[in-house]
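Asks: So you can see what is in the structure, the chains are spelled out below.
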Amino acid sequence: AQRVTQPEKLLSVFKGAPVELKCNYSYSGSPELFWYVQYSRQRLQLLLRHISRESIKGFTADLNKGETSFHLKKPFAQEEDSAMYYCALSTHAGNNRKLIWGLGTSLAVNP
Amino acid sequence: NAGVMQNPRHLVRRRGQEARLRCSPMKGHSHVYWYRQLPEEGLKFMVYLQKENIIDESGMPKERFSAEFPKEGPSILRIQQVVRGDSAAYFCASSPPVGVGDEAFFGQGTRLTVV
Chain V
1 AQRVTQPEKL LSVFKGAPVE LKCNYSYSGS PELFWYVQYS RQRLQLLLRH
51 ISRESIKGFT ADLNKGETSF HLKKPFAQEE DSAMYYCALS THAGNNRKLI
101 WGLGTSLAVN P
Chain G
1 NAGVMQNPRH LVRRRGQEAR LRCSPMKGHS HVYWYRQLPE EGLKFMVYLQ
51 KENIIDESGM PKERFSAEFP KEGPSILRIQ QVVRGDSAAY FCASSPPVGV
101 GDEAFFGQGT RLTVV
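Sequence order for the protein chains is V and G. FYI, the numbering for the first sequence is 1 to 111, going by our numbering. FYI, the numbering for the second sequence is 1 to 115, going by our numbering.
The shape of chain V in the complex, shown without the other chains:
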């Protein structure tokens, strides 16, 4: 079964502390994974995707196929990072493509 699990509904850290938002997936094919972020009163937007292997706003995420994980990390959290974060798995079947979503983790960075 295709599934994305984000075990933490809410994560609260202090400014400057490291943060890790967990994401585990279940998929028999070759996964494409994304992190999306939704700031207060804004639309969902792409934060990063695993194939790019890039760092956006100080966040990184590494695909670990052995552990089927794609955890999002940032060494020093900032208050403006407070948002809802969603991990998503893109599945392909021929030309069909859809995203399977985790339930999201609400990150609160306290001053």
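For the record, the hints were derived by calculation from the structure and aren't laboratory data. Quick reminder that beta carbons are idealized off the backbone N, C-alpha and C, glycines included. Heads up, a few of these hints could be off.
Pairs of lysine to any residue residues, derived as SDA-like cross-links and limited to a Cα-Cα distance of at most 25 Å, are as follows [claimed, not checked]: (1) Lys57/V <-> Ala2/G; (2) Lys44/G <-> Gly58/V; (3) Lys44/G <-> Gln38/V; (4) Lys22/V <-> Gly42/G; (5) Lys27/G <-> Gln45/V; (6) Lys44/G <-> Ala108/V; (7) Lys27/G <-> Arg41/V.
Pair ranges (Cβ atoms, derived) [stated by the list, open to error]: (8) Arg41/V <-> Arg14/G: 24 to 32 Å; (9) Arg3/V <-> Pro8/G: 43 to 51 Å; (10) Ser30/G <-> Thr91/V: 16 to 24 Å; (11) Gly16/G <-> Pro111/V: 32 to 40 Å; (12) Glu54/V <-> Gln80/G: 28 to 36 Å; (13) Ala2/G <-> Ser28/V: 46 to 54 Å; (14) Arg53/V <-> Gln80/G: 40 to 48 Å; (15) Thr60/V <-> Ile54/G: 48 to 56 Å; (16) Asp62/V <-> His10/G: 37 to 45 Å; (17) Arg20/G <-> Arg53/V: 37 to 45 Å; (18) Phe14/V <-> Gly16/G: 44 to 52 Å; (19) Val12/G <-> Arg41/V: 17 to 25 Å.
Starting from the known structure of chain V, fit chain G onto it as the hints suggest.
Replies: For chain G alone, coordinates are given in the frame of chain V:
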């Protein structure tokens, strides 16, 4: 490029009425996805459309819900005879033709409240 536009942003309907949610994809995007987010739940895939075609509607409830993406004009998600359980945020996303790592761009959503 104005991004994915959804309207209305907020929609209130009485039980039994019809709700029509509109989504205009980004320019050049031919793929549209609809998602529903129930209170306290994550995003759930509903339907995937290309122009004039429904590609995957495996997430659509079997009754009362329909979607279209005509050759001209926005994609429409239609909910007939709404019930309280239909109250949710409905998000539309669009993407260019399929390719590895393609990003889906989201609209701001329509919040449907059934009273």
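Asks: With reference to the structure, classify each hint as holding or not holding.
Replies: These are the hints, each one checked on the structure:
no. : hint                             : result
1   : Lys57/V <-> Ala2/G               : holds, 24 Å
2   : Lys44/G <-> Gly58/V              : violated, 28 Å
3   : Lys44/G <-> Gln38/V              : holds, 16 Å
4   : Lys22/V <-> Gly42/G              : holds, 15 Å
5   : Lys27/G <-> Gln45/V              : holds, 17 Å
6   : Lys44/G <-> Ala108/V             : holds, 24 Å
7   : Lys27/G <-> Arg41/V              : holds, 24 Å
8   : Arg41/V <-> Arg14/G: 24 to 32 Å  : holds, 27 Å
9   : Arg3/V <-> Pro8/G: 43 to 51 Å    : violated, 33 Å
10  : Ser30/G <-> Thr91/V: 16 to 24 Å  : holds, 19 Å
11  : Gly16/G <-> Pro111/V: 32 to 40 Å : violated, 48 Å
12  : Glu54/V <-> Gln80/G: 28 to 36 Å  : violated, 44 Å
13  : Ala2/G <-> Ser28/V: 46 to 54 Å   : violated, 38 Å
14  : Arg53/V <-> Gln80/G: 40 to 48 Å  : holds, 46 Å
15  : Thr60/V <-> Ile54/G: 48 to 56 Å  : violated, 37 Å
16  : Asp62/V <-> His10/G: 37 to 45 Å  : holds, 39 Å
17  : Arg20/G <-> Arg53/V: 37 to 45 Å  : holds, 42 Å
18  : Phe14/V <-> Gly16/G: 44 to 52 Å  : holds, 50 Å
19  : Val12/G <-> Arg41/V: 17 to 25 Å  : holds, 19 Å
Checked against the numbered hints above, the structure violates hints 2, 9, 11, 12, 13, 15; every other hint is satisfied.
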